[in-house]
Structures are given as structure tokens and as C-alpha cells.
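Chemist: Given only the sequences and the hints, what does the whole structure look like? Please build it.
These protein sequences, in sequence, are chains G and P.
If you count the first sequence from 1, you need to add 25 to reach my numbering.
If you count the second sequence from 1, you need to add 179 to reach my numbering.
Simulated from the structure, these hints should not be mistaken for lab results.
Worth double-checking, as some hints may not be accurate.
Said to hold, decoys possible - SDA-like, lysine to any residue: derived pairs with alpha carbons at most 20 Å apart:
| # | chain 1 | residue 1 | chain 2 | residue 2 |
| --- | --- | --- | --- | --- |
| 1 | P | K248 | P | G267 |
| 2 | P | K849 | G | D160 |
| 3 | P | K591 | P | S611 |
| 4 | G | K182 | P | H351 |
| 5 | P | K280 | P | D261 |
| 6 | G | K182 | P | G267 |
| 7 | G | K182 | P | K849 |
| 8 | G | K182 | P | H911 |
| 9 | G | K182 | P | Q206 |
| 10 | P | K280 | P | H351 |
| 11 | P | K849 | G | G107 |
| 12 | G | K182 | P | H201 |
| 13 | G | K182 | P | K591 |
| 14 | P | K620 | P | A605 |
| 15 | G | K182 | P | D908 |
| 16 | G | K182 | P | T913 |
| 17 | G | K182 | P | K280 |
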Amino acid sequence: MSVKPWRRRVGEFMSRISVTVDGVSYQDDVEPRTLLVHYLREQLGKTGTVVGCDTSNCGACTVHLDGRSVKSCSLLAVQTDGHEVTTIEGLSTDGELHPMQKAFHENHALQCGFCTPGMIMQSIDFVQDNPSPSDEEVRHGLEGNLCRCTGYQNIVKAVQAAASATAAGTEGGAR
Amino acid sequence: MTAVDERTTGETPQLEVGAARHRKEDQRLITGRTRWTDNMSLPGMLHMAMVRSPFAHARISSVDVDEAKRSPGVVAVITGSDLADVQGTLPNVWTITPEQKTPAHPSIAVDTVRFAGEIVACVVARTPAAARDAVELVDVDYDELPVVLDTVEALKDETLIHPDIGTNQSAHLVMDHQTESSVGDVDAVIEAARTDGIVFERRYEQQRLIPSFMEPRSMICDPTGEQTVLWSSTQIPHILRVLLAMSLGIPESKLRVIAPDVGGGFGGKLQVTPEEFITVLVARRLGKPCKYTETRSESLMAAHHGRAQHQKITLAARKDGTVTGLKAELIADMGAYLSLLGGGTPKLGAFMFNGIYKFDAYRFDLRTVFTNTAWTDAYRGAGRPEATFAIERIMDDFAHELGMDPLELRAKNWITHEEFPFTSVAGLEYDSGNYEAATAKAKELFGYDELRREQERRRADNDQVQLGIGVSTFTEMCGLAPSRTLGALAYAAGGWEHASIRMLPTGTVEVVTGVTPHGQGHETAWSQIVADRLGVPFENVEVLHGDTQIAHKGLDTYGSRSLVVGGIAVVKAVEKVIEKATVVAAHMLEASPGDIEFAEGRFSVRGTDQSKTLAEVAWAAFDAHDLPDGVEPSLDADAAFDPDTFSYPHGTHLCAVDVDTETGEVTIAKYVCVDDIGKVINPMIVEGQVHGGLVQGISQALFEEAVYDESGTLVTGSFVDYLVPSAPDLPHLTTDRTETPATTNELGVKGVGEAGTIASTPAVVNAVVDALRPWGVDDVPMPCSPHRVWQAVQGRSVGERTVTQPVNPETMQTDGSSGQLPTGDATGGDDR
Ligand code: FES
Ligand code: FES
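Modeler: What follows is the structure in C-alpha cells.
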């Protein structure tokens, strides 16, 4: 039996996009098939955002598009033309950690840290809509993000801690 | 911006050890400033992609690479025949019996593929996308061969996976143990029980699992310098370097291996992989840095799998429930090739089927078998979860048979705390433990008696949602390992660990450790240990690891060994530093070394107020203007530590599940565990390890299974089908500890990395089965999915007691003389 080569021609034309990533505006030529996550990692060097799967299940690649979380492996780079992207690398400003980053650190919500950028980005988006979530609500809010290390318990704790820190009017908030 | 915590320093110095220090390593991880291998780029770096076999068993009749080579950006396409002369064979380091068959394992298949996903060619191109595009253009002709996927089927030797070895059985290992008070070997004990006791027999199935670390494996080889450098997302850079040198004939001194940030391992990155060999060979051949990063689908298909074991357990007991003997007969699936540890992984279970119990006779009988599936190796717990599952499941089943409370039956048989140190029937000396204390605490936290009453109530009401309570009282051997023991077990290397302390002139400290963390928080924990012992601030300690040029000696991280072996090596190195510094301090203080005492970072002359700080002494050793004659100008010290024994954490885990008897849905209502891991360096890290471990064990019980279709294609080949649980699938976990210090190391510590995983699987399955006892159910195969639970309920009507069949019982029944598992004579307790 023969496995026949699958012939295709790609990369024959490029598209020009203008996109703001972590506050910096870029104009770039990308292949139409380039995924946002590959554009971020390979063209912009934004390696803080990582790839954990090839079926959009793990959430490791989560970033914000115009302030809402998206899985950057399920979006084409060309779809971000004219939009604003925030990655884990753009969260802390002037040397101040985002409250969610701080909460992850203080609640030991990460071990290997590979899922962490996506978890943090998703969690920030989630608490925007639900500023005082129950255990159960946090778990459902993070349904699309896998972590193999922590068993999620401390992640839930961190999200609740960040939410109440934000609600208590601690500086920061969902940026 | 800083992730270093302020610590209140009062009058009395607080000890770092025991404090829930927030982790040093978090800063880079929460801000995205990570060094995952795939994040790195080198000048001129090329990208690789693999052509993998879609067939589980086939001859390769031709590989046509012409078209792929012409594809834009493609630099080279390499096939098995291109590398046949240089690729050697991937190593297996554990010859579990002298007769073990260890077939050759080429990195790129040359003429035959033996599992779906095996590499047949490698494309090298300017970009990852160009490499992947060209993979589609490689034209491979395969002649398909018959496929054998099940070990029992494989043992018939009708289709040979490695015809050159003439059999599909790699090894048959039998270990017989009996104590002096035994009436004879395990067969005699079982015979005796047949006449005036109980013989109880069960078959359990350890399904195939996929470790599923979140960071896919990635590697870069840079061949351009004097040393060839390999970055790899591995747990074992040191072992990898030695084996690359030995297998590929590259002088070890010409190799440097670096494990940068590594995104989880769980045993899954305790491997020497074809991908690593190919990356090194191809980069050296092309003279350019080359990178390979697997996709998740490739990872699930071709990174090693875990567990995959048929178990037949025979337990002999007196009528009062006193266990007298145990026989464990196992068939372990090796997959298509023997991996790095190969049969060594199930062999590690040999010492653990007896668990925490006292009995007189024990036999461990293991067959390791090849099939046309992905190779298997260590997965969190490695051998011990399999053993613990079997003994803890059968103790629950046996308790039910006797009409006894499962905790009562355990208490009747376990080693009491006065009996330590205790030599187990498998020959290990358990140094310490207190099973009574852990159990009492767990029962209280759980509300055991109330939940039993609630269970009674629901049973009486014939409630649709039944409550089940599962128990697991486990111990494990960890802290791999005493080198002599490993030698006696025919493992190719030792189990020591190395550390060095570098006292820098300004008084800060570098700790070099031979272990290789990938999420465990060693940078934090080691800093705590060293801060206390040297009296320097936590922040002034830097922990270096994972690069053979920096941490030149080591045996890496697995088997819950890092603290109990590597941590002790750090302590030993610190002691040497203090010894050396004492001589210098004495000279500075014009006293004799014997009059110097060291505490809280200060050397003082006993009985005086004269003293020098460690920093002052470090500077004196650095400027070396005035050192005593014959004293070297350095306080640095190295130590290698080889443990005398394993460490034996233990604990009691209790699980309550709600089982919906209409839908088969299982919900964990409560999970309580009380673990005893001895002294604790950082309780926050320990709790995190327990949480993560528990969830992996729970997940084996309820969610995960790697499934092949009959042609040998992995059906669970993506995260859509392989169920790594997400947050809403899991319960809140109640964890607590008792503390019985280990007596075998200076810190009193025991391992913790695997404990949760080892203990939790049987607790959950016992709970599921317990809920369904009124239906006559006495086993539900893992994972206990709603469908399986529902089937178990449907297959039985209330009140009617039937013998539960294990998975594939027929296929396990073979003629005992043909080198296969003997027929399970239904006797005693089994025949009800
Ligand atoms: S990489 Fe897994 S969801 Fe995007
Ligand atoms: S911390 Fe390792 S995967 Fe979440």
C-alpha cells in the first residue's frame, strides 16, 4: 500500500496586517494560513505565549484580542488586522505585576508554568464578567484550559483571591 | 517588579525550612519570560519535521524523497537507510532477567515499522512550516503486516514483532519471598488456605495511559562549537548525555546537554528518544543547528505511554481475615520496543504488592511482552501505582467478602507503629511510619462514620444516587535509589546524587544540584535548606541545575528522589563548606578550629564575643592574603550522596462518590487524604505536589485511557479524545499530613512527588465499586466512565450476587506450561 504525497502549494502570496501587540504597533506580511500564535512566537518573538496542542483544547495559547480572551491557535494572524492583542508579556506595567499574576504566585497556582500564561489570560477575562465567583464558577470559567501539574485547586484559589483583591479596590483591576 | 517575598525578620531568626515560601521560579513563569526549548532560536537554525508511519506493522518497501527535496526551503530529507550505519540503537538500561530479549531500536525505522507513529524519515527545512509541508511530499511504500495489540495474544507468538528474537516475550521474572514463620512458599501457603482458610482471586486491568505533560517535547542541537550542545525538554539531561555518548560513539566530553525550562514530565520525559538521537545526528551531519518540536498529536502517538498491565492477584488468608500470602502474576505491555527502563518499570512494583501489610509468603511473577503499540515506560509512580492498586483493591474486595469494614481489615493486617523498623515480605526495611495515626486523622476529617450511615440510608431508600466509600492505605518506596540495590536489581547505573556549593566572594551562594526540576520548585526548596544551614538570606542563594556544563554530575529527577537524595547531597556539601570555612575563620580569629562554633552564619570563638561572618570568611578565602599554610583559597565543596535505603512515605486516602445508577455518572463528593512524608521543607510546595498527584491518580480511575483500534491506530490521538481532565471535572481535595520523620536521612524527609498518584486510583475505584455492591458489582474496569458504570449496573440485578469478571478474562486463561499466565482456578473466595 502506498501513502501518496499530498500535493499543495502554499505561501504563494502574503497579506499585510497592522496589529498592536502589547502596546506596540506592527505592520507585517504574513501568509494567510499563519496562525496568530505562530505570528506572535515566530515573527514577533513573543514566546511567552505557548502552544500546547493542535486541536484548540488546551488553552495554553490564550491571549486577549481587544480585551477578551481568545485561543491564539484558533485565529489566523490576518484576522487580527486592525485589532489589539495583549499577551502575558504585556500584562505587567511599570514593573507592577497584574493582580492575577500576583495571585497565581501567592497561591502556588503553577508548578511547571507551561499552562500559566493561558490560565492567567483566561482568568483575567473571566473575572471581568464574574467579579466574585464561587469555586464551581471558576472551574467552569477555566474549562478550556488544561493544567497537568496543579490539580487546579490552587488555580481556583488564585482566581478567587485576585477577584476579591480587585473587588476590594486594590490597585490594578482587570487591565 | 519582584516575586521575592518580604519576610518578617524579628529578633529570633525564623527558620526557612518548614515555611511556606512562595516560589523563586514563578517570576519568569508568570510574566512569560520563559526558556522553553521551543522558544529558542540560534543563528542559522534549521527546522525538522518527522514523517511517521500510519501503519502499526509494515515493511517499508521504498521511501521516495525526491519531491520533498525539491520543495521550497527544504535542505535535506533523511531516511532510515541514510542513518543505518550511524544511528546505533536506542538504549535500554534495565536488563530485568539475564535472559531478557532486547531487540534493536533504530531511531528512524530502516525496513520495518512496528507501531503507528514510528519515524520513517525526517525533513529539514528553513522554517517549521516548510518542513511540515514537505513531510506530505515524502512517498513511502508500505507492505502491511499482521498486527498484534494485546499482550495475551502476543504471547501466542503467531505474529512476531521482532522475528530476530523469535518470541514476543521480552522477559519472565519471578521473585519469591517468604519469611521465617511462613509454612512454605506462596503455593504452599495458598494450598493451606484452601483447606482451612480463604483463597481469594482477582484480575485487574491497568489501562494504558499517556503522561500528557503540557509542554510538547522539543529539542535543539547546535553542532557548531567544540562541544555539540543539545537543549531538550527532558527530565534527564545527565543520563541523556552519557547515553548519547555511548550509543552514538561521540566522546562524552564533546557533548553538553541542557534542560532549560521544562514543562512537566511525570516520567514522560524520563526517556532517551528517537527524536533526540535524530536531531543530534542530523545537526552534526549538516553542520547547522537544528530544532524539532513535536505536535500534540505526535506526542500522544509516539512519546512513551504508561501502565498497561494485566494483573492476576491471589490472596490467601485465615478465616478471621489475617492475610497469609499473596501472589501477583502480571503481563506488562512494553509496546513495540524496550524503552529506557523497559521492564524495569513494572519490576519496581515487585516490592510494593505487599503494601503496608504483614504476611509470610509472596511471589511476584512478571512477563514483559511486545505488541504493535507505542512503547511504554515510567509514568508518575512507575510500577508502584500498579502494585498499590492491586493490593488496595483486593483488600476492599476481601473486606466485603468477609463482611468486615475495609479499614478494620487493614488494621488487622498492617504493620503497627511499634513494629518499625520492619522488614517487609519483599525484603525492604521500612524505617518508619504510623498508619494508625494517619488513618485516625483521615477518618475524622472525612466523617467516615457519618458517611457510612448516609450510605446505609441511601441503600435502604433504594436511592437512585448511591454513595460509595473507598479506602486506600498505601506506602511506596521512593527516593531512587541506593546504588548497590540498583546494582543487585541489574539496573545499569547508580542512584546517588551530586551537589556543590560555591561560596562567592561577596557572601552570596550558588548551589549546584544534579537533579533536574521541571515544576517541582527545587530552586525554592534548596534555597530554604541552604539558607538555614549557612545562615544566609534565602534571596542570596541561587540554585543552578539542568546544564551538564554547570551541573556537571547528576542523575536527574524521577522516582520522588530529588529531595531525599539530591537534597541530602546539598546538605553534605554545605557541611563541607562549613568545615573548610571553620579552618579559615579560626585563623582569622587566632583561635584553634576546635574552639570555633558556627551558628546563624557566624563563626565565633566559644566563650568569647569574637566572631566572623561567613561573608567575611568567604572574602578572606577569595583575597587569600592570609590563609593558614596548606589551606586552599576556596570554600567551595562538592558532595555526592548515595542513600542506604529507599524512603517510605505512606498515607490514608478516603474517597466518597455519588454514583447515579440510572446514568452511570460518578461524582466525587469528598476526597480526604492524610499523607506522611516525614519532615517538610515547604508545605505549600508539598500540598501542590499532592494535589497534582491526586488528580492524575483520580484521572486514571475515572477519565483516561489510550485506545487503539484493531488496526493499531491510536484512537485517542488528540486532546479531543484523550481525556486530560479540566477544572470542572474535579473535586475540591482535602489534604492533611501526619509527620513521622524518616530515620534514614539527615533532613527526616521522604519523597512526595508520586504519593498522590499512587494512592488515589484505588481509593476512587473502591468507592465506585462500594456504591454498587448492592447490585452484586465487584469490579468496574478503569476508567470508570458513565458507560462502564451503567453497564455494571445493568449487568446485575439487586440482591443477586455474581462473580465479576475482570477485563478479558478468557484471554488471560492460557495453559500454564506454555510460558503464559496459568489458568485461574476459581477457588475459595473467588468461587461464590
Ligand atoms: S495551543 Fe492548545 S488551545 Fe491553543
Ligand atoms: S503548571 Fe504545569 S501544566 Fe499547569
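Chemist: Now tell me, hint by hint, if it's right for this structure.
Modeler: Comparing the hints with the structure gives:
1. For the hint linking K248(P) to G267(P), the alpha-carbon distance of about 25 Å lies beyond 20 Å, and the restraint is violated.
2. A distance of roughly 15 Å separates the Cα atoms of K849(P) and D160(G); the hinted pair therefore holds under the 20 Å criterion.
3. At roughly 19 Å between alpha-carbon atoms, K591(P) and S611(P) fall within 20 Å of each other, so this suggested pair holds.
4. Simply put, K182(G) and H351(P) have alpha-carbon atoms about 48 Å apart, too far for the 20 Å limit, and the pair is violated.
5. At roughly 27 Å between alpha-carbon atoms, K280(P) and D261(P) are farther apart than 20 Å, so this suggested pair is violated.
6. Pair hint K182(G) plus G267(P) does not hold up; C-alpha atoms about 50 Å apart against a cutoff of 20 Å.
7. The straight-line distance between the Cα atoms of K182(G) and K849(P) is roughly 18 Å, inside the 20 Å bound, and the hint therefore holds.
8. Straight-line distance between C-alpha atoms of K182(G) and H911(P) comes to about 11 Å, which keeps the hinted pair within the 20 Å bound.
9. Among the hinted pairs, K182(G) with Q206(P) is consistent with the structure: their alpha-carbon atoms are about 19 Å apart, no more than 20 Å.
10. A C-alpha spacing of about 10 Å is found between K280(P) and H351(P), which places the hinted pair at or below 20 Å, so the restraint holds.
11. Pair hint K849(P) plus G107(G) does not hold up; C-alpha atoms about 49 Å apart against a cutoff of 20 Å.
12. Restraint check for K182(G) and H201(P): the C-alpha separation of about 15 Å stays at or below 20 Å, so the hint holds.
13. Distance restraint check for K182(G) and K591(P): the Cα-Cα separation of roughly 40 Å exceeds the 20 Å cut-off, and the hinted pair is therefore not satisfied.
14. A threshold of 20 Å between alpha carbons decides the hint, and for K620(P) with A605(P) the separation of about 28 Å lies outside it, so the pair is violated.
15. Only pairs whose Cα atoms come within 20 Å are accepted, and K182(G) paired with D908(P) is accepted, the gap being roughly 16 Å.
16. At most 20 Å may separate the alpha-carbon atoms for a hinted pair to count; K182(G) and T913(P) meet this at roughly 14 Å.
17. Distance restraint check for K182(G) and K280(P): the Cα-Cα separation of roughly 50 Å exceeds the 20 Å cut-off, and the hinted pair is therefore not satisfied.
Hint violations for this structure: numbers 1, 4, 5, 6, 11, 13, 14, 17, all remaining hints satisfied.
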